[in-house]
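K.L.:
Here is how the chains run, residue by residue.
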Amino acid sequence: MARPVVEKKYSFTERIYLYEIVKGLGLTWKHFVKNFTASLKRGPHTVPTCWQYPEDRREISPIFRGEHLLLLDEQGREKCVGCGMCARACPAKCITVKRGKVAEGEESRYAGKTYCEEFQIDLLRCIFCGFCEEACPKGAIALGKGYELARYTPGECQLTKEKMLANYRREKELGILKPPRKPVPVAGAAKEAAAKAKGADEGKAKD
Amino acid sequence: MNDWVIALIKVVFIWTWTLIIATIMTWVERRGSAMIQDRLGPNRAGPFGLFQPLADGIKLFTKEDIIPEKAHKILFNLGPILFALPAFSAYAVVPFGDKIVIGGKEILLQVADVNVGFLYIVAVGSMAVYGIVVGGWGSNNKYSILGGLRSTAQLISYEVPWGIVLLTTVMVYGTFSLREISLAQQGTFLGFLPNWGIFKQPLGFILFIVTAYAEANRVPFDLPEAESEIVAGYHTEYGSMRLGLYLFGEYVNMYTLAALMVTLFFGAWHLPYVDMSKFLSPFAYGIASFLVFFAKVAFFLWLFVWVRWTVPRFRYDQVMGLGWKALIPLALANLFITALVVQLTV
Chain R
1 MARPVVEKKY SFTERIYLYE IVKGLGLTWK HFVKNFTASL KRGPHTVPTC WQYPEDRREI
61 SPIFRGEHLL LLDEQGREKC VGCGMCARAC PAKCITVKRG KVAEGEESRY AGKTYCEEFQ
121 IDLLRCIFCG FCEEACPKGA IALGKGYELA RYTPGECQLT KEKMLANYRR EKELGILKPP
181 RKPVPVAGAA KEAAAKAKGA DEGKAKD
Chain G
1 MNDWVIALIK VVFIWTWTLI IATIMTWVER RGSAMIQDRL GPNRAGPFGL FQPLADGIKL
61 FTKEDIIPEK AHKILFNLGP ILFALPAFSA YAVVPFGDKI VIGGKEILLQ VADVNVGFLY
121 IVAVGSMAVY GIVVGGWGSN NKYSILGGLR STAQLISYEV PWGIVLLTTV MVYGTFSLRE
181 ISLAQQGTFL GFLPNWGIFK QPLGFILFIV TAYAEANRVP FDLPEAESEI VAGYHTEYGS
241 MRLGLYLFGE YVNMYTLAAL MVTLFFGAWH LPYVDMSKFL SPFAYGIASF LVFFAKVAFF
301 LWLFVWVRWT VPRFRYDQVM GLGWKALIPL ALANLFITAL VVQLTV
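Chains R and G supply the protein sequences, listed in that same order. Okay, so the first sequence: first residue is 1 according to this note's numbering, each after it adds one. Okay, so the second sequence: first residue is 1 according to this note's numbering, each after it adds one.
Calculated directly from the structure, the hints in this document are not laboratory data. Errors might be hidden in some of the hints.
Derived pair list, reagent style DSBU-like, types lysine-lysine, alpha-carbon separation capped at 35 Å [what the hints assert, rightly or not]: (1) R/K8 <-> R/K98; (2) G/K325 <-> R/K8; (3) G/K70 <-> G/K59; (4) R/K9 <-> G/K325.
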């Protein structure tokens, strides 16, 4: 049903415009003064609605999913064992992993018995879903906070192992790494634990 | 120095000065609008973004100069020139200060003190519409020609109340010379008000400022280039420095109109209640009068920007209705009342 048109009754001051225009000028003047005084202040981000991008940066979510990191453990060894679970989980099929055996005398560099010889992520294909991070059994890959992903050539968009390690080191230095994920309880173990708790409860009830 | 050299210096000075003001106004417009809309505006080029107009100029000059294939070549080239030329030449009769004494020679701060200054301004100011119409027609584009048509209708309707208001001020001061009108505004009116035109012609001032906005094609009367309806109106097909001339001409027009407003209604170079020539040396007085005049003009230039970012555009029929049904009757009533008062008091 069509809404009936209601003709608005304008008052005299509204019909001669001028008074209303002066009121409007007052409103814009208030905004002008507010922003003008704010822009004169020193320091970044003084005008609340404007982010002066390269200097001011917005705070991003602690669980932001940006450019990938390849994590190291406490002893500075690579966590990745090159199993390729991330590549399998990836819906965009942008990850290539090549597994390699850790050679004699190189154990201090790698946490596992195997490692990834090659680890490549095609950022042009990546959709930043974070499934690789979830799939990784070792917690070796994570999505970091980097969001400036513009590059000059397609080749530069291939994220190599070195770049990902560098990303990790940079974010660690800046202290913006997200806390390690809590281990997801394995289904069987969880059941057992639940049964144990139940049994204990029942025992208590018997007493 | 003979008179020719002095005249030449004055012409060059006011030419460059107008250009500088128009350039700075583009910056003021962009930053002012940004501040009003809770943004910051261009602040990267130079301190406070002051070199932005320079960057814009370089951009406009280095862009490819395109003439559309189906456009009328001659008219297309003529349009911007016809628009900018009257804008620049209209300022010739508007004073920009009282007089300055250099080397014992008295120099009037006005390019030409023509005793028909008013008629010159009306005649030259109306020429600007040719630039818009010719450009719009020559572009061979439906939006351009719509813009041209609108500007013709608008400028013709608003020229009438504008002319009547000018006539009213002529009646009040009894002269066509803008310099004599400025000089007549010294002292006080009714004993306590500054002897400015606005206190003698309050309605005249309101009518003048409204019609001036329409004459300058500024919001709320920027129908010839209403971007939400007809893309960019008459300059849709223009690019590079041809477009630059159109945009620049608009600011020069604004400057002339603001100077005219100050000359007619805001006491030109006179400060209220203070006669500067009494205690300043002739040379300092010349500079002070120029600065006072310019400060007033600057306020009206800012008002142009301020109103633009406050008031939305009127619909086409509303503009025509306002012009014919409100402004012309009011201007005529103002004319008759003024005539009556002048007749009874003189």
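K.L.:
Is the straight-line distance between the alpha-carbon of G/K70 and that of G/K59 35 Å or less?
P.N.:
holds, 26 Å
K.L.:
Starting from R/K9, check that the Cα of G/K325 is at most 35 Å away, please.
P.N.:
Holds, at about 20 Å.
K.L.:
Is R/K8 within 35 Å of R/K98, Cα to Cα?
P.N.:
Violated. R/K8 to R/K98 sits at ~73 Å, over the 35 Å cutoff.
K.L.:
What's the verdict on G/K325 and R/K8, does the C-alpha distance respect the 35 Å limit or exceed it?
P.N.:
holds, 21 Å
Hint check: a violation occurs at hint 1 only; the rest are consistent with the structure.
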